[in-house]
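**Student:** Chain A is fixed; fit chains B, C and D onto it per the hints.
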Amino acid sequence: MASILDNPTAAVAGIADGATVMIGGFGTAGQPVELIEALIASGATDLTVVNNNAGNGDVGLAALIRAGRVRKIVCSFPRQRDSWHFDQKYRAGEIELELVPQGNLAERIRAAGAGIGAFYTPTGYGTSLAEGKEVREIDGRHYVLEYPLRADYALVKAYRSDELGNLVYRKTARNFGPIMAAAATTTIVQVEDLVPVGALDPEVIVTPGIYVDRIVRVPAPAPVPESIGAGQ
Amino acid sequence: MASILDNPTAAVAGIADGATVMIGGFGTAGQPVELIEALIASGATDLTVVNNNAGNGDVGLAALIRAGRVRKIVCSFPRQRDSWHFDQKYRAGEIELELVPQGNLAERIRAAGAGIGAFYTPTGYGTSLAEGKEVREIDGRHYVLEYPLRADYALVKAYRSDELGNLVYRKTARNFGPIMAAAATTTIVQVEDLVPVGALDPEVIVTPGIYVDRIVRVPAPAPVPESIGAGQ
Amino acid sequence: MTGESRRGLGKDELAARIARDIPHRAFVNLGIGLPTRISNHLSPGSGIVLHTENGMLGMGPEAHGDAVDLDLINAGKVPVTELPGASYFHHADSFAMMRGGHLDVCVLGAYQVSARGDLANWHTGRSDDIPAVGGAMDLAIGAKETFVMMNLLSRDGVPKLVPECTYPLTGVGCVSRVYTDLAVFLIEDEGVAVRELFDCTFDELVRLLEVPLLNRTREGDR
Amino acid sequence: MTGESRRGLGKDELAARIARDIPHRAFVNLGIGLPTRISNHLSPGSGIVLHTENGMLGMGPEAHGDAVDLDLINAGKVPVTELPGASYFHHADSFAMMRGGHLDVCVLGAYQVSARGDLANWHTGRSDDIPAVGGAMDLAIGAKETFVMMNLLSRDGVPKLVPECTYPLTGVGCVSRVYTDLAVFLIEDEGVAVRELFDCTFDELVRLLEVPLLNRTREGDR
Numbered sequence: 009m010a011s012i013l014d015n016p017t018a019a020v021a022g023i024a025d026g027a028t029v030m031i032g033g034f035g036t037a038g039q040p041v042e043l044i045e046a047l048i049a050s051g052a053t054d055l056t057v058v059n060n061n062a063g064n065g066d067v068g069l070a071a072l073i074r075a076g077r078v079r080k081i082v083c084s085f086p087r088q089r090d091s092w093h094f095d096q097k098y099r100a101g102e103i104e105l106e107l108v109p110q111g112n113l114a115e116r117i118r119a120a121g122a123g124i125g126a127f128y129t130p131t132g133y134g135t136s137l138a139e140g141k142e143v144r145e146i147d148g149r150h151y152v153l154e155y156p157l158r159a160d161y162a163l164v165k166a167y168r169s170d171e172l173g174n175l176v177y178r179k180t181a182r183n184f185g186p187i188m189a190a191a192a193t194t195t196i197v198q199v200e201d202l203v204p205v206g207a208l209d210p211e212v213i214v215t216p217g218i219y220v221d222r223i224v225r226v227p228a229p230a231p232v233p234e235s236i237g238a239g240q
Numbered sequence: 009m010a011s012i013l014d015n016p017t018a019a020v021a022g023i024a025d026g027a028t029v030m031i032g033g034f035g036t037a038g039q040p041v042e043l044i045e046a047l048i049a050s051g052a053t054d055l056t057v058v059n060n061n062a063g064n065g066d067v068g069l070a071a072l073i074r075a076g077r078v079r080k081i082v083c084s085f086p087r088q089r090d091s092w093h094f095d096q097k098y099r100a101g102e103i104e105l106e107l108v109p110q111g112n113l114a115e116r117i118r119a120a121g122a123g124i125g126a127f128y129t130p131t132g133y134g135t136s137l138a139e140g141k142e143v144r145e146i147d148g149r150h151y152v153l154e155y156p157l158r159a160d161y162a163l164v165k166a167y168r169s170d171e172l173g174n175l176v177y178r179k180t181a182r183n184f185g186p187i188m189a190a191a192a193t194t195t196i197v198q199v200e201d202l203v204p205v206g207a208l209d210p211e212v213i214v215t216p217g218i219y220v221d222r223i224v225r226v227p228a229p230a231p232v233p234e235s236i237g238a239g240q
Numbered sequence: 148m149t150g151e152s153r154r155g156l157g158k159d160e161l162a163a164r165i166a167r168d169i170p171h172r173a174f175v176n177l178g179i180g181l182p183t184r185i186s187n188h189l190s191p192g193s194g195i196v197l198h199t200e201n202g203m204l205g206m207g208p209e210a211h212g213d214a215v216d217l218d219l220i221n222a223g224k225v226p227v228t229e230l231p232g233a234s235y236f237h238h239a240d241s242f243a244m245m246r247g248g249h250l251d252v253c254v255l256g257a258y259q260v261s262a263r264g265d266l267a268n269w270h271t272g273r274s275d276d277i278p279a280v281g282g283a284m285d286l287a288i289g290a291k292e293t294f295v296m297m298n299l300l301s302r303d304g305v306p307k308l309v310p311e312c313t314y315p316l317t318g319v320g321c322v323s324r325v326y327t328d329l330a331v332f333l334i335e336d337e338g339v340a341v342r343e344l345f346d347c348t349f350d351e352l353v354r355l356l357e358v359p360l361l362n363r364t365r366e367g368d369r
Numbered sequence: 148m149t150g151e152s153r154r155g156l157g158k159d160e161l162a163a164r165i166a167r168d169i170p171h172r173a174f175v176n177l178g179i180g181l182p183t184r185i186s187n188h189l190s191p192g193s194g195i196v197l198h199t200e201n202g203m204l205g206m207g208p209e210a211h212g213d214a215v216d217l218d219l220i221n222a223g224k225v226p227v228t229e230l231p232g233a234s235y236f237h238h239a240d241s242f243a244m245m246r247g248g249h250l251d252v253c254v255l256g257a258y259q260v261s262a263r264g265d266l267a268n269w270h271t272g273r274s275d276d277i278p279a280v281g282g283a284m285d286l287a288i289g290a291k292e293t294f295v296m297m298n299l300l301s302r303d304g305v306p307k308l309v310p311e312c313t314y315p316l317t318g319v320g321c322v323s324r325v326y327t328d329l330a331v332f333l334i335e336d337e338g339v340a341v342r343e344l345f346d347c348t349f350d351e352l353v354r355l356l357e358v359p360l361l362n363r364t365r366e367g368d369r
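For the record, the sequence lines run as chains A, B, C and D. Each residue of the first sequence is one higher than the one before, counting from 9 in our numbering. Each residue of the second sequence is one higher than the one before, counting from 9 in our numbering. Each residue of the third sequence is one higher than the one before, counting from 148 in our numbering. Each residue of the fourth sequence is one higher than the one before, counting from 148 in our numbering.
This is chain A alone, in the form it adopts within the complex (with noise of 0.2 Å):
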């Protein structure tokens, strides 16, 4: 049951190195930069961190591969015109890269948090992405065998809580959070706002508190860099 933390530094106390982090948002829309910051601050390094991309600009998880703390990115769509920091250490081979279609990386987070062992997906089959995976034709359509994909911690941003962790996202920010919350052994949400338990409508809720470990309420936004339209 999730505890509410003073500070994203109490947030994200623990997360040892070599630790699997995965990190919320598509771009910037819903990325936790201040629990990144927090991060970075913390020490960690060698981390194994899963992400739809690889950092956009100069903040967020950008600046945590400028600080070399990721050994390994698992994400979809790394190279966008600001991924300038994942691109060089990738380039200089200090970072290792594990691609995985959209769609995939989503239902592989799914089956983590849902408790499926592996499943068979017609995405990528036929494709370099899915070279020396099992494929299966299953009513006369073809398949390639995914895994899931699980993780220490999640940090995710959402928009607003209660003091169960109960979570509503705001727009398309809402993306990998409520998946990643539910695939990682310890879940930190960062939110702008902060309501009583009752506060919030039992029907619109998005993530039930029970995939949430630690809240830290953050309210005012940090600057979001002016890198928009820079790829999927």
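What the hints contain is simulated information worked out from the structure, not anything from laboratory work. Predicted model only: the values in this text are computed from it and were never measured. We treat Cβ as the ideally placed atom computed from N, Cα and C, and that holds for glycine. Check the hints yourself; a few may be wrong.
[To be verified] Label-pair distances were calculated between CB atoms; the ranges are:
#1 R167(C) with E139(A): 54 to 62 Å
#2 A214(C) with A214(D): 41 to 49 Å
#3 A214(D) with V203(B): 41 to 49 Å
#4 E142(B) with D213(D): 39 to 47 Å
**Tutor:** Below, chains B, C and D alone, put in the same frame as chain A:
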């Protein structure tokens, strides 16, 4: 995209003999009674029905079974205190039963809507309900391979719809509605309330209109049988 | 330990005993039937959140009178209430929550539990029985801990904690503790351990059961 | 057919041509890059609903000025707007919608399309390129119909409709139509059919491409 029909009879038009029909609801909560009544009146027979249960009391799914229209039922919990019509047909060998653990039932329906070819689930491993099914050990845990469950039609009850078929449900009557809506070729929904486009908050929509083909407003809910407490 | 003439704990005493072992602020599913009684013994300040597999967290007590809402029922199809902080979700999400290991504790009834923690609670296996499994198999294997609540002996006096289940299985190796009217058992890698005794002795249990037992009672053999 | 000196349709003419082939009230995903332009040519009364794979149906036009909300972006990470009837959902639900075949049409750009409808649009395969796939592979195989929008020839004048793709594949046999500046092609079981010609003749296409072509133009060879 969704069409709005005038009455349940028009809404269920075209369901042919031999069709596979998913019917929402957990017991009577969320059961689309008026759509089922229209289905009975339509005369369609030799149906395969997917539902969690096998009818309660004398109305809705129970009446469809009593009328002898169901050749086979796929469900998790047929036997209840008030499942007498199913019980009689079953003992007389007049209805085929495919018994599926409730979570596998839900996940198979979800897989159909999500384009998953098959998945490995831990539920049922080592039990008689997994007999003859493929098993696999993954990371030290045992799993059973289960396949998607699709339907020609889904009959679903929701609380409110807008004119594009965006749906919200009410409390635990949500149950199988959202996943069945996505798993059927044609999804037919009865709602208590129909509102104009734009009247629903985009953040709280549970079933996007893309999954809905036909909507019919049934304002006054039918009387619900007094058969509560009749098992899982 | 009870004022009744029967030996061991009564159903409500047993429910209260189990309630004491459920950690504060845990997420818990109480199976239909006997385990439902445990909810009456959870202290209001415990912060324990009840899950019902038909799509809800934060389930409150049974509803009566005007509070009855047929859209708000539990897995036993009994009308219930909603507590502050509740949430609703669809069936695939609800069972993903169970299967994914997010519930802390699940308490189930049983026909039999084996020495290795196999559970049989869904089907008598009699040929004239109509089988019905519901969520039993998902509950058995889903939670971090699966507790069983049952009488140690059947009505015919036959032990229900057995070397191997003879009833059809619900789940393999899934039970971690067995709470009975006569004793609390822990299913451990080394075997079945007796943790607590109610109106009987360890030696009596040894004579009663065909399952080898380890003595882990606090007080030793009473 | 155009007032420009180049032959065939310009980008916006091509976008308008594709827009005409999208059924009213369809659910559509327009890939990032060139296909995004199609949205400018959808008539407001068409009832076409746009999907963006980062979790939204009912996406409106690009946002400007005060309407920019960085929590509301499209798959290209450009701020967009919300239309009445929109809905939001998480990434697994969004890609389930795609993979499950619920979108009517998806329009994608391409490096190459093969005569059997294989698509190559995600990676040049050059060793110095950092690969990035995004949602391309899901989009390619998910929709009921996958249209490609591209120039028929590369900047170097090399045909992009080919017997076999030499670029890394995005999806196998997934393209149903190819809309180009010079012609519209249908990928059919019997082969590649030319449906419409823009400032060129069927014989010119036959000479230009290594792919065998069927003539299915309405007017025959012009």
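**Student:** Compare the structure with each hint and give your call.
**Tutor:** Okay, the hints, checked on the actual structure:
Between R167(C) and E139(A) the beta carbon distance is about 55 Å. The supplied range of 54 to 62 Å therefore holds. In this structure the supplied range 41 to 49 Å holds for A214(C) paired with A214(D), their Cβ-Cβ distance being about 45 Å. Separation of A214(D) from V203(B) is about 25 Å and departs from the stated range, judged on CB atoms against 41 to 49 Å. For E142(B) and D213(D), the Cβ-Cβ distance of about 57 Å falls outside the hinted range of 39 to 47 Å, so the restraint is violated.
Checked against the numbered hints given earlier, the structure breaks hints 3 and 4 and satisfies all the rest.
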